[in-house]
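Colleague: Chains W and A, in that order, are what the protein sequence lines are.
Each residue of the first sequence is one higher than the last, beginning at 1 in the working numbering.
Each residue of the second sequence is one higher than the last, beginning at 1 in the working numbering.
These are calculated hints, taken from the structure and not from any lab test.
Mixed in with the good hints there might be a few duds.
[As the list claims (entries may be wrong)] The calculated BS3-like cross-link candidates involving lysine-lysine, where the alpha carbons are at most 30 Å apart (straight line), are:
id	chain 1	residue 1	chain 2	residue 2
1	A	LYS209	A	LYS340
2	W	LYS383	A	LYS343
3	A	LYS254	W	LYS383
4	W	LYS269	A	LYS254
5	A	LYS251	A	LYS340
6	W	LYS269	A	LYS340
7	W	LYS352	W	LYS269
[Claimed, not checked] Partial list, computed: chain A residues near chain W (C-beta under 8 Å):
id	residue
8	ARG18
9	LEU20
10	LEU156
11	VAL247
12	ALA265
13	HIS268
14	LEU270
15	TYR286
16	ALA307
17	VAL369
We treat Cβ as the ideally placed atom computed from N, Cα and C, and that holds for glycine.
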Amino acid sequence: MSEMDIRTVVRAFLAEHDPATTDRLDFLRARFDAGLAWVHFPVGLGGLGAPRALQAEVDAELAAAGAPDNDPRRIGIGLGMAAPTILRFGTEEQKSRFLRPLWTGEEVWCQLFSEPGAGSDLAALGTRAVRDGDGWVVDGQKVWTSSAHTARWAILIARTDPDVPKHRGITYFICDMTDPGIEVRPLRQITGEAEFNEVFLTGVRIPDAHRLGAVGEGWQVAQTTLNNERVAIGGQAIPREGGMVGVVADTWRRRPELRTHELHQRLLKAWLEAEVARLTGERLRQQLTVGQPGPEGAAMKLAFARLAQELSGLEVELLGEEGLAYDDWTMTRPEIVDFNGREAGYRYLRAKGNSIEGGTSEILRNIIAERVLGLPAEPRTDKDLPWKELAR
Amino acid sequence: MSDLLYSEIEEELRSSVRDLLTDHCPPSAVLAGCESREPYDLALWRSLAAELGAAGLQVPEEYGGAGASLRETAVVMEELGRSVAPVPFLGSAVLATTALLACPASDLLPALAEGARTAVLAVPLSTAPGAAFPSGVRADGNGALTGRLTSVADALTADVLLVPAVDADGPGLYAVEASATGLGVVRRTSLDLTRPLADVTLEGVPARKLAGADTAPAALERALLTGAGLLASEQLGIAEWCLGTTVAYLKERKQFGRALGSFQAIKHRLADLWLETVGARAAARYAADALAGESPDAALAVAVAQAHCGALAVRAAEECVQLHGGIGMTWEHPAHLYLKRAKADQIALGTPGHHRNALAGLVDLPGPVD
């Protein structure tokens, strides 16, 4: 299918569903059914089996026609992580049950992966799932769960066999967040708001039909989820001075009285780093377009985390006395992180999470060193031990 | 957005240049050459320039060049950096050739394009784009030049010197034959053993005027900007060699009963270095592409590439020395050749600090007024 063909499809769709007169949800459902949700997905599951690159054409055509969008930022975990995993490992029943309301945003998803004792070492997780008839009974605690308080469904990994080494005894499930035994508590963080949650699971019953992939192979399934998470980060084209650097540069230009020589040098260095990171991202996207995926993806997250922290720290200093103030410590529960909607102090504090969430900078450096540069792994003492014998 | 990848033709060119350098320019040969009386490998230069046509890549076909672009020339610079090759490519094929291409008189170009002769732009290697037109050399009414220039790279073997000089009409660019009476070219002991510098004295030296006040300043600026932009590719090549060589060594070298490269403290340093090298590739490619297309963004692209790549090459070479341990401090190990080239390149055609300050003007981030 070509760009011309896809435009014809979109225009035919728009002729039948006028965005001006069609109800928002009806429009989104119809768009999914027409295969224009994610064109690279199979026919019948919101796609046309077309090249992924054509999605940009579809989005542009629909946006130009004033079509409603499915609010991808609010439902990012479902779109970016649950959907590709369900597509790859789900049964036909699971795909047809979950993908449509996921894409339209009718059902929000969250991710029950991290635990208080299993962050970077995710495979050490201890939440148990025990077989019980045609289902499983789950007990444990998860943490850092965005959207748990609004989510209808969760992707969950749990330990189903404590007698084998940690990577081999994990199974992947789809968990109904409305089930009894699930308790969601806001987790207030450094910024004052509660963007994340703790989730307690006590005797939660999950039918075996909601298992994704084979018993004991949850780690491999989770890799698909995590790889898609990293592709999602840094995959967007940004203009020069896009993101945090633009915010600080604007403040610098508007407020000549705040400038100092020392901050000037730091700002120029950071501006330069941001531009180099932008060009690196652009080069990565060009490689992907011609089918030469480079290993730069993991690097982009590392670079952006460092920059966001450097720039947001610089901004607070630049503001001097104003930097001593904070806009609001009220505990709110935002559905999305909006750096630019808050003030410099918020940006400074929230950016601290950039080098922790979605893979810490330390883990990303290990990944680069081992998978890209081919350096030997650190000796591991826990790799072949049964999970139940691990030191905790 | 410009094309930041390498074309198939560019990859073929890279592979030819790399093969030649692998065969004829191993680090041992570079080191031996540095210690000889002959600072350049002119046989290598002839193979590179004449057989591979590298000297005339950016020269249009009508002047006997390949009619390619600065993108291809940048690829050659990468490979020359990777092998710290002692050839006058930067001075002749980049700086002098670019200046000549911007001059009305272009009869020197064919000989430069085929590598039969070499030329040099007679300015200190540290001269940055945006510098004021040099006033150290004056031309009298007969076009004879008098004055003194220091730290000119690639001048020792040059057949022709392109000398910026001031005459009664203002700035001009003059060609001086190396054999001309009254010209002195004296080798200096330079930090970079592989790109020796020379001081040039002119005492009433006969010269031919190539460009006058209307074009000479622009030709000089274009040459300096192009030189700075393409030097970023050389710096990328240096960094790549240093990173690759260090990674290979740390996979092999064992201490405390395991490969040094398995220690996380070392891995993280190399991962950071790799990340900056990936950035350098994007920045250097963008600069080469912007210069090749004469993009309005070229000055900014060059400032970004130079500021990033200049600092990176030094850091990569310093890490290479440190992570090799004692062997990295020896004369026998080639790491020092790369460190010396990287440090000299950091100053050449503008320091990273100079280029960052240039950015301040280009992107409207002025400093404090006081």
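Colleague: Could you tell me which of the hints above the structure violates, numbers in ascending order?
Modeller: Hints 1, 2, 4, 8, 9, 10, 12 not satisfied by this model.
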